[in-house]
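Spelled out, the chains give:
There are 2 protein chains.
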Amino acid sequence: MADKIFRVNMTDLSVRVEEVPAAWQGLGGRGLTSTVIAAEVEPTCHPLGAKNKLVFAPGLLSGTLAANSGRLSCGAKSPLTGTIKEANAGGTSAQMLAKLGIKALIIEGMPAGDTWYGLQVSADGVKISAETELIGTGNYQVVQILNARLGEKTGVITIGPAGEMKMTAANISIKDPGSRLRSNGRGGLGAVMGSKKIKFIAIEPTTKMVEIAWPEAFKEANRTFAKALVDNPISQALAQYGTNVLVNIINEAGALPTRNFTSGQFEGHELISGETMHDQIVAREGRPKHNCHPGCVINCSQLYNDQDKKYKTSGFEYESIWAMGADCCVDNLDQIAEADFLMDDLGLDTIETSVAFGVAMEAGVLAFGDGTEMLRMLKDEIGKGTPLGRVLGCGAGSVGRTFGVTRVPVVKNQAIPAYDPRAVKGIGITYATSTQGADHTMGYTIATNILNVGGQLDPLSKEGQVELSRNLQIATAAIDSTGMCLFIAFAALDDAACLPALIDMINARYDIALTADDVTNLGKFILKTERAFNQKAGFTSEDDRLPEFFNDEPIAPHNVVWDIDDATIDSFWNF
Amino acid sequence: MADKIFRVNMTDLSVRVEEVPAAWQGLGGRGLTSTVIAAEVEPTCHPLGAKNKLVFAPGLLSGTLAANSGRLSCGAKSPLTGTIKEANAGGTSAQMLAKLGIKALIIEGMPAGDTWYGLQVSADGVKISAETELIGTGNYQVVQILNARLGEKTGVITIGPAGEMKMTAANISIKDPGSRLRSNGRGGLGAVMGSKKIKFIAIEPTTKMVEIAWPEAFKEANRTFAKALVDNPISQALAQYGTNVLVNIINEAGALPTRNFTSGQFEGHELISGETMHDQIVAREGRPKHNCHPGCVINCSQLYNDQDKKYKTSGFEYESIWAMGADCCVDNLDQIAEADFLMDDLGLDTIETSVAFGVAMEAGVLAFGDGTEMLRMLKDEIGKGTPLGRVLGCGAGSVGRTFGVTRVPVVKNQAIPAYDPRAVKGIGITYATSTQGADHTMGYTIATNILNVGGQLDPLSKEGQVELSRNLQIATAAIDSTGMCLFIAFAALDDAACLPALIDMINARYDIALTADDVTNLGKFILKTERAFNQKAGFTSEDDRLPEFFNDEPIAPHNVVWDIDDATIDSFWNF
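Protein chains in written order, with numbering that gives the first Met the number 0: chain A, 0 to 574; chain B, 0 to 574.
Don't take each hint at face value.
Identical copies go unnamed one by one, so any copy, or any two together, can satisfy a pair.
When the alpha-carbon atoms are kept at most 35 Å apart in a straight line, the in silico DSBU-like pairs for lysine-lysine are as follows [stated by the list, open to error]: (1) Lys-308 with Lys-196; (2) Lys-226 with Lys-207; (3) Lys-535 with Lys-308; (4) Lys-461 with Lys-218; (5) Lys-311 with Lys-218; (6) Lys-311 with Lys-527; (7) Lys-126 with Lys-461; (8) Lys-50 with Lys-461; (9) Lys-523 with Lys-535; (10) Lys-226 with Lys-378; (11) Lys-218 with Lys-309; (12) Lys-218 with Lys-196.
Just so you know, these hints were derived from the structure itself, not from any lab.
Bear in mind that the values here come from a model prediction, so they are computed numbers and not experimental data.
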């Protein structure tokens, strides 16, 4: 049976199951969410109004046994950036939706009243029910209660109090195999879900499998693909230390933004590093490696326990630890873990919110390094929706505007993550040109600039950075359409067998004959579709710029500024 | 002696007195501030950073005996809108600066430390002194203390606590002949002055007069001009009831935005009308008519006393009374007067701040109609710079973003004032296309749409509104360059002798031979200069739009929406 589009209208609480239009047939994940948003959402609409839509789409390979194919894309017009937005996350929902034959779940409209709703998705359609019990509760509790209500195997997509309050740093959480949380983190998609008065989306388990046109060819390709992932040295480092392996590496490179982006190195880096974290996890009987979705062979996640050896948080990423750690000068990993847990539970993007704290520290709202006060503010201000909490929960730009701070590390109003663009020029091109505001995952030049994956390119040189970012952004857009985790990119860049095997799997799944060029063209098509939306929304090249302090303030230890000129930045789009 | 440019650099606390460049010779007021900003400020710079400049310029006729020529223009890149900005106000400063031979005072740079400064301007230059006594004090007290310190006749330009805290609704206040306050109200210019750590600018009195090339011709033209002003029926209505004569008129027209722009009529309009105000002023022994600068022959201001017949506020304008009244549903004129006084004293734009309260009421932060709580929040939240106070003090857009409200009446992030564009289409064109965000004074189509000045044009018709707004915006830009109060426009539109007399005065002052066409071309030049700046800052036609709720929500009593299409709006710039 062919996949379908499930369409939910929250204005009249109606549901339609539709055939997939021809133009959307070959698309999945980000390629599909961005195409739907570009086709159906007025670029100038208010992101929290009835005209915005929220689109969930599994990737092209989601639901199959392909290694690492469990990412779920979510798209909308972002209330944080005003641009088109796609965020993807692991968990079990992508595979469950794909097995139900759902190519995309499109949620449109907005109810008039104050009633909150829960959606239950099954093969037959979507049931919309008024919800009261879960309103105001954190994401962890939502998952627990829905497990009890609907069964342990139910899929869950949920927003926390931050999304209910329409804070623009609110994320969307997806239940993972251990009933913990994975986040469609950036761009405030949780506020869009909140604006539509949807607290959760539950997904009925199924024993159905997705159809594979050529099962043997698929299995063969998957074997090659999985081997490439497992054999890759970066994969192995990720399995050992998680993404937090990067704290020491990026600190050494002088690119670890510290004290609201005023230095490139953090004195306390050893205390928050991946190595320290690993030892602590082992000593406290947590799990240093762990998967976020079934079928992952990299296992970069972990279960971090507190001093009493009780579960505290998981998916404890480098960028989150950097943001609460170096950027806010908090060198206590337990405080950072507690903050990570609270943000996951409240449903907040850890990067946006923590960088917002860094700006608030510069404004004097709290002191740099005061993790205790950060935790209090998470609970008592953001959690309770006080005015200060809402300012923080609306992100770094919000704090900067409210308190008159000029050193505000954002592009298109989205917080710049854990790699200083002055010391790693390639990532600066990604931040500036990304269709979705500052986001390292859009074109992760750290791979080549720092990790020497896919070649080598001096992070301090101006040469070649545009080309590097462009190639990676194109490839990323394509990968984000397959349902694959972005961490396959390390193997794809360094192992000649990896990418062909991925393409072979797509071809075997759908009985088609994609080439590598087709995949590149898909990436280009996605970027151009997203940019066209942004241009219609009023964005220009002037928005493809880093904040001026990067040009004016040299950063230690290299004492470098951001010095790539505007014309060079704009040449990114020459493709 | 030829006029000079006084240039103050706050980075190194240096002062330079410069010749006027040839290109700036024929300019004054807004024409000069916008030309300087466009020439010297990077359009993409942070408005609260060292690269922005604050420019004060008297008009071409300021300092002469020309009636109503006492407006002082102030320009910068606006921290509220991100556009170029000019705001002008009465008071004594324009005339004093002109008599000192100062064509413009340009303030640039920014001090590194926490020290605040006061500037003292004399014919010899500018003295920069560290200031402590006045920091944190309200504008009324600043004027009183400077009167004591420097003499009653000293000119004063000052910011209140709001400007010190860099709130983007902060205005700049100018001392008037009664040591009360006149405001360069909109666009957050007070925050720019605060970012440069300048609490006040004092101006030394002088007995010098500006030179007039042809004194007799000047006197003759001024006589004709003043007569045109005095004889005009609108001038006479303004003298009797102040601008607040408009409450009943605009309510009758169904264009009085009420309850955060959800209705066009306010039940309590009689309680806050100009007629009611007039009677109250008379009964309480205030002054119903009063001038804001020497030489004004219209006298639209007033001294409003409280119930104990003590001074409460002056310059009590229709737009302020509407905003606190109809838009926030407060029908108690004494509470509105108290709020007006507090905003003047704190140094806040009454329109921006009050519309922000309206949005906060919609968000449930306080109740519609709760004037008591509004007064408390002005004192205890905004005055003390609490997080909520800063959100409110950063304007309507700030409140909307922080609390997730979608009905936010702003264009380019500046609050829409007291005339609903659904019921008066011409003013909607002005709001949309103005180079400075929503601002009725940029092209006051109410004159023709409602008051039948300069012809008649049905406010509900789509026809001819672009042409009306265009002609008025061009004329306004020129008038704003002369130092003239905008209220000369009523006479200029209806009395054939008025405009030629104004041009004759400029010609007699400078020994030149401007024609009416030259004046029109000056207006066009200013608008195009301002727009070019905005375009370089990243603004596009998509920014020339009203918020979508105006298109979607009909307003009572006419049940009309904003229905002028984008192409028609954009045709504004076909000149």
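*Check Lys-311 against Lys-527 for me: Cα-Cα at most 35 Å, and say if that holds within a copy, between copies, both or neither.*
Answer is neither: 41 Å inside a copy and 59 Å across each miss the 35 Å cutoff.
_Regarding Lys-461 and Lys-218, is the shortest C-alpha distance of 35 Å or less found within a copy, between copies, in both, or in neither?_
neither (43 Å within a copy, 65 Å between copies)
_Intra/inter-copy verdict for Lys-523 and Lys-535 if alpha-carbon distance must be at most 35 Å_ = both (18 Å within a copy, 28 Å between copies)
*Measure nothing new, just compare the shortest in-copy and cross-copy C-alpha distances for Lys-126 and Lys-461 to 35 Å and report within, between, both or neither.*
The answer is neither: 54 Å in one copy and 45 Å across copies each exceed 35 Å.
_As a check of your reading, is Lys-218 near Lys-309 (CA-CA no more than 35 Å) within one copy, between copies, both or neither?_
neither (39 Å within a copy, 89 Å between copies)
*For the identical chains here, do Lys-226 and Lys-378 meet the 35 Å Cα criterion within one copy, between copies, both, or neither?*
Classified as neither; 44 Å inside a copy, 67 Å across copies.
*Is it within, between, both, or neither for Lys-226 and Lys-207, if the alpha carbons may be no more than 35 Å apart?*
Within one copy, since 27 Å is at most 35 Å while 89 Å is not.
*Given identical chains, is Lys-50 near Lys-461, meaning Cα to Cα at most 35 Å, within a copy, between copies, both, or neither?*
between (42 Å within a copy, 25 Å between copies)
*Evaluate Lys-218 and Lys-196 at a C-alpha cut-off of 35 Å and name the case that applies: within, between, both or neither.*
neither (42 Å within a copy, 69 Å between copies)
*Between the shortest in-copy and the shortest cross-copy C-alpha distance, which are at most 35 Å for Lys-311 and Lys-218: within, between, both, or neither?*
Cα proximity of Lys-311 and Lys-218: none, with 37 Å in one copy and 83 Å across.
*Measure nothing new, just compare the shortest in-copy and cross-copy C-alpha distances for Lys-535 and Lys-308 to 35 Å and report within, between, both or neither.*
Cα proximity of Lys-535 and Lys-308: none, with 52 Å in one copy and 57 Å across.
*Is it within, between, both or neither when you check Lys-308 against Lys-196 at 35 Å Cα-Cα?*
neither (37 Å within a copy, 52 Å between copies)
Checked against the numbered hints given earlier, this structure breaks hints 1, 3, 4, 5, 6, 7, 10, 11 and 12; the rest are met.
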